[in-house]
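**Student:** These are the residues of each chain, in order.
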Amino acid sequence: MKGFITLILLVSTSISSFAVEQAEEIFKQLAPSLYQIRLIDKSSGEKSSIGSGFQISSDGIIATNYHVISGFARHPKKYRIEYLDHQGNKDELILQSVDVINDLALVKRKTDVEMPFFKLAQQVPMKGQELFSLGNPHDLGMIVVPGTYNGLKKESFNDRIHFTGSVNSGMSGGPVVNVQSEVVGVNVATSGNQIGFLVPHDKLVTLFKAFNIDKPTSIKQQMSEQLSRNQAKLITTLLNSPWKSKRLENAIIPTIDVPFIRCWGDSNADKTDALFFATVASCSLDENTYLSSNFFTGSIEMEFRYLQAKELSANKFYHLYEQQIQRAGPGNKASKEDVSEFQCHHDIVKSNNQTINSKSIFCTRGYKKFPQLFDVLYLSASIDKDKQALVSHFTMAGVEQSTALAFTRKFMESISWK
Amino acid sequence: MEIIIEEISRGHKLIGQHKLSKDDILIGRGYQNDIILSDPHICPDHLQLKFNGEHWLIEDQGTINGSYLEDGKTDLNNHIINSGDIFSIGKSLLRIVFVNHPVAETVRFSAFENFINIMRHPVMLALSISLFAVVTGYIFYLNRPTEANLSQLLAPVIGMSLLFSAWPVGVALMSHLTKHEARIMTQLGISFAFFNLLWVSDIIQSIVKFNFSSNWPLSNLFSLIPIALAFCLFWLNSYIGFHMTARRRIIVSAGLTLLFFGGSYLIQLSNKPEFSSRPHYDATIMTPGFMILPSSDVDKFILDSEKLFAKAQKEAAKKKGE
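Protein sequence lines, in the order shown, are assigned to chains A and B. All residue numbers for the first sequence refer to my numbering, where the first residue is 1 and numbers rise by one. All residue numbers for the second sequence refer to my numbering, where the first residue is 1 and numbers rise by one.
No wet-lab data here; the hints were simulated from the structure. This one's a predicted model, so the numbers in the text were calculated from it and none came from an experiment. Treat the hints with caution; some may be incorrect.
[Claimed, not checked] With a straight-line Cα cutoff of 30 Å, these simulated DSS-like cross-link-like pairs (lysine-lysine) come out:
id	chain 1	residue 1	chain 2	residue 2
1	A	LYS336	B	LYS318
2	B	LYS272	A	LYS333
3	B	LYS272	A	LYS336
4	A	LYS233	B	LYS307
5	B	LYS311	A	LYS333
6	B	LYS311	A	LYS220
7	B	LYS300	A	LYS244
8	A	LYS220	A	LYS368
9	A	LYS108	A	LYS203
10	B	LYS307	B	LYS318
[Stated by the list, open to error] Some chain A residues flagged as far from chain B (calculated, every beta-carbon gap over 10 Å):
id	residue
11	GLY88
12	GLN129
13	GLN326
14	HIS346
Idealized CB from N, CA, C, for every residue including glycine.
Extracted from the complex, chain A is given alone in its bound form:
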């Protein structure tokens, strides 16, 4: 037994020393094609945000994250994009193409000669395979972080690689390579404590291929099409997936049986002095699309709240109930620059099967840059029982009119009393 443990120890030491050597080798070899990508504020001449990038063609195409250069995409007059290479050279970059859904962007530097570049992998790595993440965390200089491939994140709608290794801010846009130095992913996010997320390399391959065939003329138009396509795909998937009925005390609520919608629950059963019993089930999409630091889209959330009065008059119950539904807000962050104010409609609506009568509220706001897209908020409060109530609520961000209404209808039809 003792010998066995030693053996494992020995093997693991040898692996780690091997890994260090490998990392060094990889870094030396790839450094000329690695860049720090900086967003420079034109008026002050100073950098306002930084990320990483890597060259993927001999003629100067560099891949990075969309969120690294989003400031430029939004305010081209305020910023310019600049690179800093391993020798300290700086020059301007030109934005070529983006994939907002997968958080990727292609920028181009000027080149005089053919330059070395990263090769994109042909295959998906195996679970447990060793990978190396490269980037410039917190402007500390280029580093290499060894880690492990742990497959795709299970509950994501748009694929993300789960990478076990430290991905820190500033490394965004940096490549993640296998031992053959081929790119298998792009650093994009972290959940802290060695949990990192990468954009799979096939998304970059697709973007780069499309770019080589036909360079987009307008980045805004490209983003608009991507957002429309993604919302259509998401909502169609949701509408075509099985909607299962579920009991929430005396009410029937829907749950959508898809892995990327995750649900949570809570109740005040532990609070004995509460005037009414309340239980909440909420489900949401765990991801959203970054458009700028204060504008996110693509999120969906649903919430169901069942209330039952204890020893309370109906009047007081309804008074407290009303306070529960007064302050519904959007599920995504957006500013005055991005969206209009909400337009609302309310009515008392009886469900088609006549089982529940509710005050229903529908609100929507339009996107200023993408006129076909809307944020939607729906809230419905049952008003047919003296001492029981059901609040059903959802918000959706960045949806088109037809998909939003189709979802609303299906949602309304799947709620009833037991």
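Guided by the hints, dock chain B onto chain A, whose structure is given.
**Tutor:** Leaving out everything else, chain B in the frame of chain A:
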């Protein structure tokens, strides 16, 4: 020949009236005069009025500060007096009328007189205040997130009732200070009757908001009820507390209403953020018993919601140009 001489204030309010049946009248500060005035700017022998068998003539006795017709600086000597003429001597005003001078029409008791008389009756007053207190207490009870007992509600109820009595008491005090009758019980009775009517209008508004969809264009009309009620209250307050012309009373009440509601509207407007990321919707719900209209169905709701998209799109496009 009989003549009436009135001392009036600069605002033409009556201070004193004298009716004399002489053909020769002396006015001044000296005690030998028929009408003795204490204004120090008036001379001991100031004015003389004489009846010549046909007209009254007026004559200044060579005074230091002179005598004038109110409207100008016309010399008064041998001026023929017309009924209703106003003269300025020193800093005082005199109005002279003859016995055949027309008087204003008798003011009828207002239709509200009955209502006012009922409301100021101590029993009705007590009832109004108790009703107000009960409703206030009930609203405090509804708003408390925990169970409340009677003694916990008593303090806010007494506080609110005292706060709301400040208005009628204030009006009564104003009447008293402006040399009118205070009539505090009447003011209290009327005010509390209207405060209770405001509760009723609150309930009506809730029922309307609850029952009607946002398609119904008249919902906003119901928010005019409290404004109309406030106007009526202010009108009655001034009717009870002050003597003024009907036109002036309407202007004063309208002004107060505007100050009150316009002021709170302005405060709301200035507190409103430039952009609100939260939706503003009507969340009024009431117990099932208050539902009086039939419900819509899902199709209708979806159809109505559909119209919002064009509106939101327009709204989003509009601000782009700014």
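**Student:** All hints, please: hold or fail.
**Tutor:** Each hint tested on the structure:
Between the alpha carbons of LYS336/A and LYS318/B the distance comes to roughly 12 Å, so the proposed pair stays at or under 30 Å and holds. Straight-line distance between C-alpha atoms of LYS272/B and LYS333/A comes to about 20 Å, which keeps the hinted pair within the 30 Å bound. For the hint pairing LYS272/B with LYS336/A, the CA-to-CA distance comes to about 14 Å; that is within 30 Å, so the pair holds. For the proposed pair LYS233/A and LYS307/B, the alpha carbon gap of about 24 Å is at most 30 Å, so the pair holds.
A distance of roughly 21 Å separates the Cα atoms of LYS311/B and LYS333/A; the hinted pair therefore holds under the 30 Å criterion. A C-alpha spacing of about 23 Å is found between LYS311/B and LYS220/A, which places the hinted pair at or below 30 Å, so the restraint holds. With a C-alpha separation of about 25 Å, the suggested pair LYS300/B and LYS244/A falls inside the 30 Å cut-off, and the hint holds. Of the pairs offered as hints, the one joining LYS220/A and LYS368/A holds, with about 12 Å between alpha carbons and a cut-off of 30 Å not exceeded.
Annotation: proposed proximity of LYS108/A to LYS203/A holds, straight-line Cα distance about 18 Å (limit 30 Å). Only pairs whose Cα atoms come within 30 Å are accepted, and LYS307/B paired with LYS318/B is accepted, the gap being roughly 17 Å. Distance to chain B confirms GLY88/A as a non-interface residue, since its nearest Cβ pair spans about 42 Å, more than 10 Å. The Cβ of GLN129/A sits about 44 Å from the closest Cβ of chain B, beyond the 10 Å cut-off, so the non-interface label holds.
Listed as outside the interface, GLN326/A is inconsistent with that label: its C-beta sits roughly 5 Å from the nearest C-beta of chain B, within the 10 Å cut-off. Against the 10 Å criterion, HIS346/A falls within the reach of chain B, whose nearest CB is about 5 Å from its own CB.
When the structure is compared with the earlier hints, violations turn up for hints 13 and 14 and for no others.
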